[in-house]
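Chains as they are written, first to last, in numbering that gives the first Met the number 0: chain A, 0 to 229; chain B, 0 to 248.
If you are wondering where the hints come from, they were derived from the structure by calculation, not from laboratory data.
All values derive from a computational prediction rather than experimental measurement.
Don't be surprised by glycine CBs; every beta carbon is placed ideally from N, CA and C.
Watch out, some of these pointers could steer you wrong.
[Stated by the list, open to error] Not everything, but these chain A residues come out facing chain B in the computed CB check (under 7 Å): (1) LEU10; (2) LEU49; (3) PHE66; (4) THR71; (5) GLN72; (6) TRP223.
[Claimed, not checked] Take a look, some chain A residues computed to stay more than 12 Å from chain B by CB distance: (7) VAL15; (8) GLY26; (9) SER40; (10) SER56; (11) GLU70; (12) LYS88; (13) ALA122; (14) ASP129; (15) ASP150; (16) HIS171; (17) ASP187.
[As the list claims (entries may be wrong)] Sample of chain A residues lacking proximity to chain B, with all beta carbon distances greater than 10 Å (derived): (18) ALA6; (19) ASP18; (20) ARG79; (21) GLN108; (22) ARG188; (23) SER189; (24) CYS190; (25) LEU217.
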Amino acid sequence: MTLDRAACAPLFASPVLQDVSLEIRPGETIALLGRNGAGKSTLGATLAGLLRLKDGSRSGPAGGFAFQRPETQFTEASVRAELESIAGKGSAHVDTLLSAWRLESVAGQHPFELSQGQKRRLALATLTADARWPFLVLDEPTAGLDAAASDEIATRIAEIAAQGRAVVVITHDMEFALKTCSRGIVLDRSCAVADAPLLDILRDDQLLASAGLVAPELLKLADWTQTAPC
Amino acid sequence: MLSTLHPLPKLVVCLVWLSASIAVFDPRFQAGIIVLAASTLILVERRSPLLVLALMVPFALFGFGFLTTATLFREESDFATRMAAETPFGSPAFSAGMVLFLRAIACGMVSAVFVLTTEPGRFIKALMASWWLSPRIGYALFSALHLVPDLASEAQQIRLARAMKSGRTPRRIPGPVETASLVVPLLAFAIRRANRAAIAMETRGLGAASGRTIVDAPQARAADAIFVVASLAVLAVLFILASGVWRAW
Chain A
0 MTLDRAACAP LFASPVLQDV SLEIRPGETI ALLGRNGAGK STLGATLAGL LRLKDGSRSG
60 PAGGFAFQRP ETQFTEASVR AELESIAGKG SAHVDTLLSA WRLESVAGQH PFELSQGQKR
120 RLALATLTAD ARWPFLVLDE PTAGLDAAAS DEIATRIAEI AAQGRAVVVI THDMEFALKT
180 CSRGIVLDRS CAVADAPLLD ILRDDQLLAS AGLVAPELLK LADWTQTAPC
Chain B
0 MLSTLHPLPK LVVCLVWLSA SIAVFDPRFQ AGIIVLAAST LILVERRSPL LVLALMVPFA
60 LFGFGFLTTA TLFREESDFA TRMAAETPFG SPAFSAGMVL FLRAIACGMV SAVFVLTTEP
120 GRFIKALMAS WWLSPRIGYA LFSALHLVPD LASEAQQIRL ARAMKSGRTP RRIPGPVETA
180 SLVVPLLAFA IRRANRAAIA METRGLGAAS GRTIVDAPQA RAADAIFVVA SLAVLAVLFI
240 LASGVWRAW
């Protein structure tokens, strides 16, 4: 999937990003970083093919998009029905999905009755079950989750990438980004100011400061252990 | 500039202008109000002329109904026809229709001046602080102010999610079927939000009892008095010029 000099705008609004050019390759894990209002969700929805460009061009297939509030994408009356809407009614694959995503015990419940972690898992399960999407965009996948649930999402992202699908993670959680992604894109001043290996971005203090970001403590600690004299 | 004024004197001034627009059956007076209101928005408030023109469209369509009624169904608009008998448009029926047409736009533009220059939160605070608006209603209005944009955002998210599932890019304007299908999810969203707001108010001890402080309630200043006097003076001058009273002096 490629964006070329794209001007990205939310529905019924003026562009919030200009002149964005990037490419998503199979199996990549990409962190989309930037301060609040930088246009991360807008770019994510544009990458997924959900928003029309105001200028420039987009080529490639559409992607799956996991919304910040997972309830948004649930349309069925039960967890099982939600998965059946993707995998097909009565499909044996549904049971496999329920088991793989640890949702068997809530299969008959309404999606809105699930805990936040279960909702996230269901949203990801529906996205990964659909073979139409060669890449997924996850908007704040750890919002409202405890450490164990975040860790599980990180593991799932690694599994999805290992299957050859690219994953774009929109997040403010730099530790999570460091844990899950190998490439980073930083949005600031209405454009993509950096597109590089994530470690390079997280070590660029000047870039981070200008974009309102802070390097994860874990990386600082790792760098210190390498530079501090024994 | 008008945005910084106290909302209540501004409301009173706008109501006086609206009353004058309704009471004075003269096309020049109505046209004067339209020009003054539009000029205020464009020159003082720096609003786009295109926006101001777009704002006139619904009121013009509404007024056009009066114009056609007055012109085509004269029996129905006898009073207006008699009132407009001496207007400069020749045919009394057409003159009456034109006055009603311009009056609809004038009332719309005066309302637009108030709405576009008044921050809703300040207006509600001013009503609570000065005009004894019940806190029950005031806080409900505050909640609604937050809910409306969130509701619009939620509707867009749901539309995007459904478009993703169906494998198509969402249309800019949803069709009637899509709109109807959004009603239940949005209602559920609004109920959940209302519950959370009610719990938040409860935990903060907000009740209907009197004796409360209102943070940042608008305070009347000298500029408000100057605005009231100046705008009423302009209205009086407009009336004198339009009615031709000055010719008798």
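Compare the structure with the hints numbered earlier in the document and write down the numbers of the violated ones, lowest to highest.
Numbers 6, 9, 11, 13 and 14, in rising order.
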